[in-house]
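J.: Given chain H, put chain C in place with the hints provided.
If you read the protein sequences in the order shown, they are chains H and C. Residue numbering for the first sequence follows numbering that gives the first Met the number 0, beginning at 0 and increasing consecutively. Residue numbering for the second sequence follows numbering that gives the first Met the number 0, beginning at 0 and increasing consecutively.
Errors might be hidden in some of the hints.
The list cannot tell twin chains apart, which means a pair is met if one copy fits it or any two copies do.
[To be verified] When the alpha-carbon atoms are kept at most 35 angstroms apart in a straight line, the in silico DSBU-like pairs for lysine-lysine are as follows:
1) K30 / K96
2) K58 / K74
3) K7 / K30
4) K7 / K74
5) K40 / K97
6) K30 / K85
7) K30 / K97
8) K104 / K85
9) K5 / K30
10) K5 / K96
Quick caveat, the hints were computed from the structure, so don't treat them as lab data.
There are 2 protein chains.
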Amino acid sequence: MNQKGKLKERISIITIGVKNLQNIRNFYEEKFGWIPVAANKDIIFFRLNGLLLSFYPSKDLASGAGKENNSSDFKHFTLAYNVDSKEEVDVLYNHLKKAEVSITKSPEETFFGAYIFYFEDIESNLWEIAYNPMIELDPSGNVVSHQDILHLEQS
Amino acid sequence: MNQKGKLKERISIITIGVKNLQNIRNFYEEKFGWIPVAANKDIIFFRLNGLLLSFYPSKDLASGAGKENNSSDFKHFTLAYNVDSKEEVDVLYNHLKKAEVSITKSPEETFFGAYIFYFEDIESNLWEIAYNPMIELDPSGNVVSHQDILHLEQS
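So here's chain H without its partners, still in its complex pose:
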């Protein structure tokens, strides 16, 4: 296997699709005592040990990943693997495509400057490969921080 196209054994984000983001935020703040590292009305991020735990509306998670929200093969969570450049996203995209992995959404730029594609394993577990300049990674690939996103709320 080409080392350049290989996925290291790490993840950057677990994103859980939810119905009511504000209620979920209240739950984790009140019952766990956790404080989001970044949040707005569209998404919440908690910074854990080297990765982020994110909550995001299921319908938006599904459409972003190229899936149907209410279909039986949408599992309401994704694992993200972040890299340092758009070029690395393309390298992994070409590698996985060549390996005949099921791509559910081809690489696309997002409104906040990220560059992302989605694929799934053979049991519909979704992975996101992303360059996201709002998320700082250390040299080992651990997530260090997420920039403030209050100004990024979508209307």
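T.: Then chain C, alone, in the frame of chain H:
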């Protein structure tokens, strides 16, 4: 909030419930090039950045967590928060119970010497709180290793 009962912002394991464990193992080994840190015919663990990614049969994940495998409120994944002793499991259990969080399985010893309970958030996302002597944590709570489990296969 009592500091002793507080959950730190970290996780130890993401467990994904699957239908065919061997096929999933083949997929991650072949397409990702990942090597399990521990595996037997019942479960697989990959060691990621400070946490484990585990695949486990959905039916066993559901029954272990006190849920029905085919019910609409079983989401086929759990997040685990491991601690250093059974006493810490009990402290967190009492804390979460007092906070009126929905416990789906009370603390129980497992056949391999762990001590675990499960609860869920308000949208049925499952959490496992565990003391598991097979999983080594560093002082920050990152997972360092998982002991060999080949001898632990269940018949």
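J.: It remains to establish, for every hint, whether it holds in the given structure.
T.: Hint-by-hint comparison with the structure:
Taking the shortest alpha-carbon separations for K30 and K96, only the inter-copy value of 10 angstroms comes in at or below 35 angstroms, while the best intra-copy value is 42 angstroms. In this assembly of identical chains, K58 and K74 lie within 35 angstroms of each other by CA distance both inside one copy and across copies; the values are 12 angstroms within and 16 angstroms between. With identical chains, the CA atoms of K7 and K30 are at most 35 angstroms apart both within one copy (34 angstroms) and between copies (12 angstroms). Taking identical chains as interchangeable, the C-alpha atoms of K7 and K74 lie at most 35 angstroms apart whether they share a chain (24 angstroms) or sit on different chains (26 angstroms).
For the homomeric pair K40 and K97, the shortest alpha-carbon distance between copies (29 angstroms) is at most 35 angstroms, but the shortest distance inside one copy (38 angstroms) is not. Taking the closest pair of Cα atoms, K30 and K85 come within 35 angstroms of each other only across two copies (21 angstroms); inside a single copy the shortest separation is 38 angstroms, beyond that limit. Taking CA atoms no more than 35 angstroms apart as the test, K30 paired with K97 passes between copies only; the shortest distance there is 10 angstroms, against 45 angstroms inside one copy. When the C-alpha separation of K104 and K85 is checked against a cutoff of 35 angstroms, the pair qualifies only within one copy, where the shortest distance is 15 angstroms, while the shortest distance between copies is 44 angstroms.
In this homomeric assembly, K5 and K30 come within 35 angstroms of each other (Cα to Cα) only across copies, at 9 angstroms, whereas the closest approach inside a single copy is 39 angstroms. With identical chains, the CA atoms of K5 and K96 are at most 35 angstroms apart within one copy only, with a shortest distance of 13 angstroms there and 44 angstroms across copies.
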